[in-house]
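**Q** Here are the chains, one letter per residue:
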Amino acid sequence: MKALRDAALLTRKDLLSLRRAPLVVILLALYPLLIAGLVGTVAGYANSRPRIAVVDLDHIPAETTVAGHTYHIKNLIDEVAKNVHISWMNKAQAAQALRTGEVVGVITIPRGFVADLKSITINPQVEFETSQGGISSRVTQQMQALIYNLNRKLQDAYLKDAIGYISIIRNGGTADFLGSNYKVLGIKEARSLLASEKNNPKAAEVVRFLDTAEGALRASEVSAHAVAQPIRLATATRSGRGWLLSAQMQAYALALTVSILALALGAAVTASERDENVACLLGRGLVSRFSLLAAKIALATIISIAVGGVILLAFGMIVEIGGISGGQPWQRIPLVLGGVTLFGAALGAIGTLIGALAREGRSATLGALLVALPIVLLGLIPREIAPPAGLISDIFPFSHGERFFSSALYDLHPWATVGPEALWLLGLLVAWGAVARLVQPRLTES
Amino acid sequence: MAETLLAARLVSRRFGRVIALEPIDLELHSGEAVALVGPNGAGKSTLISILAGALKASQGRIAVTGSAKVGWLPQRPAHYGRLTAQENLVLFARLEQMAEPRQAAARMLERFSLPSDRLSAYLSIGNRQRLSLAIALLGDPNVLLLDEPTASLDPKQRALLWREAERHVAGGGAVLFSSQNPEEVERHATRVVALDSGRLVFGGSPEQYAVWEREP
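Chains as they are written, first to last, in the numbering used here: chain Z, 21 to 466; chain X, 945 to 1160.
Isolated chain X, as found in the complex (with noise of 0.2 angstroms):
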């Protein structure tokens, strides 16, 4: 059986009298890729953003399995603009405690085929996008969660992005991604995990997903 990398026990979140996430389950196994799907609203990033560390459950907790790393790429690209590709990911190298900030760095723009010299305020939207998958991978996690990542991305970019996250789940870790995209969740999801009004409505296989939603 897979190792499980990262569980969540009962997590809910609450924005004041709002329920964003009501108490959910979830369990992420090495070398699966999840899709997280559901209408807009159905608390995907919320659970998503709670998942990577960066949200506090009103209630529930997560379980990160031993030396598990989590890496996130949220649904905004998130980076400094006033900084260069390099820049930022030595900085972030620096702040992952990397031994090589500067050749981690290196190593992420030629994975990524990134312009190092300019600010990355003025990148295109992909290759933002692009700078951001690059600083969640580069602490080298077991766990990558993927929020809408294809929504602002060309053709060519969505298949880069793909292969990345297919080259991490064969590497023995985990993705959960969002998605709208059906065809996306049918080719690149290994589990199907649907989202409702902050309520968990479905959780199998993609085929399982399919004859799910055709139902009435």
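Bound conformation, chain Z alone (with noise of 0.2 angstroms):
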């Protein structure tokens, strides 16, 4: 009991030394969250746009004319490539860059691409390296997605001439086909040059034949049409959230705040007892070592509480202002709040451990500035990417609380997510509380 009540009184001092120095608490609080938009907006870009080099050994022409169709295809190369940002480079460059990790991939356009692409007869070929890391086979994918938009460009074309040949069997005129021009009667005016012929048994026969040949045309026509695209695919652009205030937006920027955040408070207020020189005042009996780290703890995750309750009100509102669609999840707060307590207290151990281990305030600080941007890095590279990044995480309480907070605000059913996520966390704060208790010591003795 004794053991609690100091823990509030020391927790209720630091409390009071904050509110008389409000710029540290802003600094402490506008810091993570300027961390935070500057990693979202370089992760964001990463996630979207892969630069890939395009080397054109064929020199294509401005224009190329396929199947009597006109095709621009370097325009259409930039266009169907929505989805990476594309350099044309020459050879050399490209390998370059595709060393230097400038380009994550190189398209090279072989000679005699365009020449194979006019016959009709060759299908042409492009070539794709790419360079070897976590995200290759996610390029690959964005690469076969560019040549799937391009063979639909030209397939549709393509199919257009084979109906415009349909329909000249059927019903006659002129026809280009591989640089030579056709004139051709026709199965109607066939048909009508026979009737004349009724009496004629070969005629007559020749006449069913034709009927026959329509019929058959007549269906190609309509399973070309089906052929040319058999799953449609029908985009539209809703109103909703933008990428910036997306959930896994939010998720970050708040497990991004309060990592900084209570890791700097947690070693620094534990600091400054050595720095005023109280700590072995307090530490020789006056208080017990769990009062010491409980304060300090309950002081980091009051103030997480207190900043992730502001950030969360604070995207609440522009979502609200702005009417975005889906709204802020108002009901689901108070268990992003809890999370954000265990995620809280769990960095505050930690900081309190560093607080400890450092020499002075300053020291202490720094040094929970230098260990919390490798945590939350470590957190932010995909799992499936590097196993043992994320490994490594699991044994910092970042990349928990950023999947506690992306469930529990947006997942329809987010406990089976939060619920694993909240143990963790829960077990981090045990842990590393267990450590900083045991150096506590050398700040009580110093």
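If you're looking for bench data, these hints aren't it; they were derived computationally from the structure.
Every residue gets a Cβ at the ideal spot worked out from N, C-alpha and C, and that includes glycine.
One or more of the hints may lead you astray.
If you want the footprint, here are the derived chain Z segments under chain X, 3+ residues with CB under 8 angstroms [to be verified]:
{"hint": "1", "region": "22-30"}
{"hint": "2", "region": "35-42"}
{"hint": "3", "region": "294-303"}
{"hint": "4", "region": "456-465"}
Computed list of chain X residues with no C-beta within reach of chain Z, every gap over 12 angstroms [as the list claims (entries may be wrong)]:
{"hint": "5", "residue": "I963"}
{"hint": "6", "residue": "G1004"}
{"hint": "7", "residue": "G1010"}
{"hint": "8", "residue": "R1020"}
{"hint": "9", "residue": "F1036"}
{"hint": "10", "residue": "Q1047"}
{"hint": "11", "residue": "G1070"}
{"hint": "12", "residue": "G1115"}
{"hint": "13", "residue": "Q1124"}
{"hint": "14", "residue": "H1132"}
Build the complex from these two chains, which are given one at a time in their own frames, with help from the hints.
**A** The structure is reproduced here in structure tokens:
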């Protein structure tokens, strides 16, 4: 009972001290928010448009006519490459860019590409090289999508041509094929020519064949239309959360801000006990080590809840004022703040550990920032890309907190994620708290 | 015979490979003021910190008699800079589990003529030292440990501090103070203990110490 009372007294003292240094709290809250914005922007950019080099060995002309249709191949590539950033380069530049990581893949258009394309009878080929690394599979998928889109554009034209040929065979007319011009009689005209030969059994047989052929060609025309797009994808853009207000961004902003804040605060207020020469007074039996530790963790938690609440409120207000569909899930805020409590406490325990290890307050704050950034960046690396990073990240609270917040805010059934992550955070709080408790004599016996 | 309030038995302290204090026996009795003297690095602060319970002895043990309490004034002022003197005193009184912390704080403010409404960080060095002494005396200790208490005080504040120390001794308490000032030792100590390089090299009256010190 005395231990808890002492912890409460020390927490109250720290809150009073912080109230007298509001600039520190504002900076501590704004700095991580700024970092969250920058990291989010970089992550968002990296996610959306990897850089790809295109090498044109065939010197594709501005206009290329294939099957009677004129294409601007380069424009077509730029147009369909919506998810990648295309840079046209020569072979040496592209090889260098791939080596240095300036681009993550190189598409090479080989010599003879346009000739193969025009021939219709040979399938032209482009070559794609990608670097080894975490995002190569994603880049390959985007390249497949790019080639798929190019094929679709050409396929549409080819099918239009094919349908045009069918129409000419049925109705007659003139047609260009492989560079030659033909005059075609057409089934209809042929049938009318044979109409005068009603009594000729051979002519009657030819008319029957023409009827069958016309039916077959009509069916071919219909199925050619269907083959062009067996499944159509209807894309519509609706008003909704942009990336900046997305669940992921909100969860990142919350997790990153609280991470830096709780770590720095836990470390700074712990080290300040030594700076003010009070730690040794407290450590001589006036308060227990548990009370001292609990007070610092409690302070980090309270400030985390306060700042986390402000962030959620700010996001919510922007969403509500902007009339963004979906709105802010206000009813989930208590659940999120529950997560912030565990998250802030676990980070506060690590901060207290840093504060006890550091020689004085400035080293403690610097140490906390140096520790916070790798913890956060490790948590941002997708687990499937670098499994070891995921394993290391597991022993720190960031990724658990981020998953907790994201799920608590927007999953239809959040408990499957929130429950295990809450247990992780609780476990990390106990584990890091125990380590911080072990090194506390360094603080009080100075 | 005066009551033994605090006894250190074969107390020593190492910091890694460095021996800061070799095994030492020391007793503090009711009604005595013991001066702890020696050059810089002799182990005075280490010994006082161990007696105060702020530093763990590597070996040996400290025995505090019955309900005796130990108050400690560290060499450097020890209080919270962002709290006022009053808030500091109330906080420490609460941590000491005093029945009426606000009244106890008010008494100390008056006794040490401390301003109640200024943040401690902005007090003069002398006032900060007095505030630390007030905090040390809050729990009404029997043994008062003062680590170079007058090092940064002006003559008036020194006089105030020694008046408090004498009042404490007169009330049946014991004072152990470290000092580099021979005049203070001669005037205020009833016994002198000298340390050198972590070893106890002298123990006796101030007069004996004066003779011992003059010896080559």
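**Q** Classify the label on G1010(X) as holds or violated, using whether its beta-carbon is more than 12 angstroms from each beta-carbon of chain Z.
**A** holds, 16 angstroms
**Q** Could you let me know if the closest chain Z CB is still more than 12 angstroms away from the CB of G1070(X)?
**A** holds, 16 angstroms
**Q** Just double-check I963(X) for me: nearest Cβ-Cβ distance to chain Z has to come out over 12 angstroms.
**A** holds, 17 angstroms
**Q** In terms of Cβ atoms, is chain Z entirely out of 12 angstroms range of F1036(X)?
**A** violated, 8 angstroms
**Q** Just checking, H1132(X) versus chain Z, shortest CB gap more than 12 angstroms?
**A** The claim stands: H1132(X) keeps its Cβ more than 12 angstroms from every Cβ of chain Z (closest is about 24 angstroms).
**Q** Do at least three Cβ atoms from the region 22-30 of chain Z come closer than 8 angstroms to Cβ atoms of chain X?
**A** Coverage by chain X holds for the region 22-30 of chain Z (3 residues, Cβ < 8 angstroms).
**Q** Establish whether the coverage given for the region 35-42 of chain Z by chain X is satisfied; the threshold is a Cβ-Cβ distance below 8 angstroms, and no fewer than three residues must meet it.
**A** Per the Cβ count (4), the hint holds.
**Q** Examine each Cβ of chain Z, and state whether all of them lie more than 12 angstroms from the Cβ of G1004(X).
**A** holds, 16 angstroms
**Q** State whether the coverage of the region 456-465 of chain Z by chain X holds or is violated, taking the criterion as 3 or more residues with Cβ-Cβ distances under 8 angstroms.
**A** Coverage by chain X holds here, the residue count being 3 at a Cβ distance below 8 angstroms.
**Q** Quick check for students: does the CB of G1115(X) sit more than 12 angstroms from each CB in chain Z?
**A** Holds, because the least Cβ-Cβ distance between G1115(X) and chain Z comes to about 22 angstroms, which exceeds 12 angstroms.
**Q** Confirm or reject the statement that R1020(X) sits farther than 12 angstroms, beta carbon to beta carbon, from all of chain Z.
**A** Check fails; 5 angstroms does not lie beyond 12 angstroms.
**Q** So Q1047(X) supposedly isn't at the interface. Is its beta-carbon more than 12 angstroms from every beta-carbon in chain Z?
**A** holds, 17 angstroms
Hint check: violations occur at hints 8, 9; the rest are consistent with the structure.
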